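Novice: Each chain is listed here by its residues.
Protein chains: 2
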Amino acid sequence: MKLDELFALLRRRGVLWPSAEIYGGAQGLYDYGPLGAALKRRLEDAWVAWFVGLSHDYHRIEPSELLPEAVVRASGHLENFTDPEVTCESCHSAFRAETVLEKARPEGVDGLSPAQIGALLGSLGVRCPNCGSTALSVPRPFNLMFGTELGVTGKERAYLQPETAQASYLSFARMWDVGRRALPLGIAVIGKAYRNEIAPRQILFRMRSFTQAELQIFFHPQRFPVPFDRVAAETVPVVRADRRGPEGSPPETVTAAALVGSGLPEFYVYHLVHMLRFLRDVLRYPAERIRFFEKSDAERAFYNKIQFDAEVRLESLGGFREVGAVHYRGDYDLTRHGQGSGRDLSVTPTGEASVLPHVLELTFGVDRNLWALADVHLARDGERTVWHLPPYLAPVPVGVFPLIPKAQATYALELADALAADGVAAQYDDAGTIGKRYARMDEAGVPFCVTVDGGTVGEGAERDTVTLRERDSRAQERLPRSALTGRMTPALRPPRPSRA
Amino acid sequence: MKLDELFALLRRRGVLWPSAEIYGGAQGLYDYGPLGAALKRRLEDAWVAWFVGLSHDYHRIEPSELLPEAVVRASGHLENFTDPEVTCESCHSAFRAETVLEKARPEGVDGLSPAQIGALLGSLGVRCPNCGSTALSVPRPFNLMFGTELGVTGKERAYLQPETAQASYLSFARMWDVGRRALPLGIAVIGKAYRNEIAPRQILFRMRSFTQAELQIFFHPQRFPVPFDRVAAETVPVVRADRRGPEGSPPETVTAAALVGSGLPEFYVYHLVHMLRFLRDVLRYPAERIRFFEKSDAERAFYNKIQFDAEVRLESLGGFREVGAVHYRGDYDLTRHGQGSGRDLSVTPTGEASVLPHVLELTFGVDRNLWALADVHLARDGERTVWHLPPYLAPVPVGVFPLIPKAQATYALELADALAADGVAAQYDDAGTIGKRYARMDEAGVPFCVTVDGGTVGEGAERDTVTLRERDSRAQERLPRSALTGRMTPALRPPRPSRA
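In order, the protein sequence lines correspond to chains A and B.
When we follow our numbering, the leftmost residue of the first sequence carries the number 1, and every step to the right adds one.
When we follow our numbering, the leftmost residue of the second sequence carries the number 501, and every step to the right adds one.
No lab work stands behind these hints, which were simulated from the structure alone.
As the structure is a prediction and not an experimental result, all values here were calculated from the model.
Ideal Cβ placement from N, Cα and C applies to all residues, glycine included.
Keep in mind that the hints are not guaranteed to be accurate.
Stated by the list, open to error - Ranges of calculated distance between the beta carbons of each label pair, as one might list FRET restraints:
(1) A:Glu322 to B:Gly923: 28 to 36 angstroms
(2) B:Glu970 to A:Arg180: 24 to 32 angstroms
(3) A:Thr255 to B:Pro997: 53 to 61 angstroms
(4) B:Ala741 to A:Ser93: 39 to 47 angstroms
Claimed, not checked - Heads up, simulated DSS-like pairs for lysine-lysine below, C-alpha to C-alpha not over 27 angstroms straight-line:
(5) A:Lys2 to A:Lys155
(6) A:Lys192 to B:Lys603
(7) A:Lys155 to B:Lys502
(8) B:Lys655 to A:Lys192
Unchecked claim - Just so you have them, the derived chain A footprint on chain B, three or more residues with Cβ under 8 angstroms:
(9) 649–659
(10) 671–685
(11) 738–752
(12) 776–789
(13) 812–821
(14) 847–854
Excised from the complex, chain A in its bound form (with noise of 0.2 angstroms):
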């Protein structure tokens, strides 16, 4: 479906809306419904069972989104969080540089420098998007943090935190102390970051308030064990700096062992090949639809050694697009943090030298996927629209019906309470035809409806006993009513890494 298709479907079913739409709508902000806030959560507990799944020593804290000044001063966003902006000398629009110029340079401008920039506008003939001008300013830096002052004396800023990450190298030295003081140590966060986009847009990929979901690995730079063995003959494909085909050409599919062959630390291709199982075989998007796209030196922050980001591509945007990212950030954050907090960051596990650790990234955008779970499993068959959402994921796992609504609502409700109270939550629906309200449910991603009729509320053979549909399947089978959690429950339980 295109973009606009497929929001406007989204918005009709309660998944997600602008915020303060009776207002007009705020840009870059929206609001998550009942079905997008349910598969929200879900979402996130996947990735908590996978990624803080990978190590008995990693863990998910939650830590304040606002970030006193000296830390943002530390880390370099108040310096270099920025985005080049041109205004228009005509009529004082103000615009993202890469909004600007994304028709006759798609390829963005990622390393140029404002100079390089303001030529590129000039030599390609750039012009105003609002009035048409040619004249557009050189780009100056426009700093994406939200600013605000803490207390009554104005003398206090403070910034919502541009990426959750900082939150986790702040939180590095009490982990290290409540923990079990040894390396490597995980610490997650998902948690809102907060960006003030020049030009938000394409709803959940470009917004003012996100959620991000990131797991920093700090470890001893000297060894990184990992189990390497086990993933070593996992293709993955990937686009490698220096090796990028013509726009459009495939990835390359090479295996972890031959990324690893290429100069890449085993760690890192590790990682790499677990954040792969989780957008394939957790979050199901054809394998064929996901690349890992290396950035080049110029591409990457500096202090980024090595970063290939996760790509996804989606119908309803047209191409790959970036949903999370493996970054090796070697020791730059807990450097940074030391000198701005004048405390030595550096740990001593049990008989060994001091040591600084270093950082491995996992970040994954909350938002971004969400969309992606919906363009990739939102299909269309005929009149049947039905989102394939895996089991574990769907927003709603199970739907109760009562096929007369006069003679079975009591008991369908009863029912529904009764799994929601075993751990299973359950939607009563009683409108309309069980051909529409099987409808609604496949449109919802509901995986399993479950019919009560006259057999289940009679005195015959039936009693107790009702109808499972599937909805992929569309198979149904015939069953006892205390049998039911037991056989959707397997189904429903996010999958782990193996870690034994």
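Following the hints, put chain B in place on chain A, whose structure we already have.
Specialist: Chain B in isolation, oriented as in the chain A frame:
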């Protein structure tokens, strides 16, 4: 425990700590560590199970927490969301009037005008807490919202939401369209709220960024049908606004029916009882530590027709403190946002006349209750510290130990993974004696511990059996590992209200 002692324990155990701790901390901002983040998530899940579980027509949404200025202008927050602030004309320090007056006037300053507070400062001879001067200014209103700018122009003001409720009012029209178009309709939000407190203090009780769980129930002003019979006989501890005894007097204990007899509507008392049951039966605060404190006409916001604060007596804070409330807000919110947005927010239920719904708000402070769960349930028993959390709230449901790590670590690790895959998050621990491990788990509130020993991994009759130990009773039993999940799971599901 005293405030400082309890905070020190929670900090040491990694439940929570001041944000940006390595930079000296950020006033009024806290980070939740692994235990705190997991406890918070479970507390939120228990709240959802209970309050969203009250009706099939109640739903959780997840809206943006940035509000455009037009929204807070309409809601009244731009004008009225203020605290009286007093400045010292001698040393230029700023204070909340309530803080400066707290010793001289412990009942607070709710309902007093700035001039009345100014007169009190003089007549009571109040001094500046910083320099001791009596030259304190007449209070001026200080707006508690955090403001920021959207976009590049600096002309689009936005505010971090001061309460989650507003987002529910903004979403009402969309939720009406998406849902069954019937009243009552409930919209629940768990989200961050932000207040630029002049004097943040008492750890989680006056934070600048905190989590609220709020349910807004939109209902027909002429009828809100509830099964009142089921709660009529329940006794509720109340302090009525017109019959308050001296500070420290015990609350009256009256039946729900008697409260209705005194003039409160049935729907209001019904929900007050459900708030009581949540605090007493789900969070397991002892009944004698709970009271519902009615706010007088002068104390409550003018748009609240009825307000009882739910209060819990906390040792660490020296008395009863507000942890939630039930507000009957009338049609104030939909009227204001109807005017502000220019959109008529009245609705037309099938076969009925158009009506502007009234709102009943159930509000609950997630952080305050997390603190209360520590204050109430953490007990010193000689050398032993045990956190008697209800099992379904415990951050970690089960600890898994090998009796002799060298011999049984592999089995125990594999068991921990298998339990996690079964939906029971398990923490592996092999450090120190079994007694030390039990002590660590008791302090962390872990309700179950499982020990793997020589019998478990041997070839004899005890093969694949383990020892299960319960935190509160310290009772131990030997059982097959295949029986573990079934044995623990019932205790790990949060209670739901009966709605059949």
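Novice: Determine for every hint whether it applies to the structure shown.
Specialist: Verification of the supplied hints:
1. A:Glu322 to B:Gly923: 28 to 36 angstroms: Given about 32 angstroms between the Cβ atoms, the range holds.
2. B:Glu970 to A:Arg180: 24 to 32 angstroms: Between B:Glu970 and A:Arg180, where Cβ atoms are some 26 angstroms apart, the hint holds.
3. A:Thr255 to B:Pro997: 53 to 61 angstroms: 54 angstroms, holds
4. B:Ala741 to A:Ser93: 39 to 47 angstroms: 56 angstroms, violated
5. A:Lys2 to A:Lys155: Measuring from Cα to Cα gives roughly 47 angstroms; hence the hint is violated.
6. A:Lys192 to B:Lys603: Since the Cα atoms of A:Lys192 and B:Lys603 sit roughly 39 angstroms apart, the hinted pair is violated (cutoff 27 angstroms).
7. A:Lys155 to B:Lys502: 33 angstroms, violated
8. B:Lys655 to A:Lys192: With a Cα-Cα distance of about 24 angstroms, the restraint between B:Lys655 and A:Lys192 holds, given a limit of 27 angstroms.
9. 649–659: Held - the region 649–659 of chain B has 6 residues with a Cβ nearer than 8 angstroms to chain A, which meets the minimum of three.
10. 671–685: With 7 residues in contact (Cβ-Cβ under 8 angstroms with chain A), the coverage given for the region 671–685 of chain B holds.
11. 738–752: Violated - the region 738–752 of chain B has 0 residues with a Cβ nearer than 8 angstroms to chain A, which falls short of three.
12. 776–789: violated (count 0)
13. 812–821: It is violated, with 0 qualifying residues against the three required.
14. 847–854: Violated - the region 847–854 of chain B has 0 residues with a Cβ nearer than 8 angstroms to chain A, which falls short of three.
Going down the numbered hints, you'll see the structure goes against 4, 5, 6, 7, 11, 12, 13 and 14, while the others check out.
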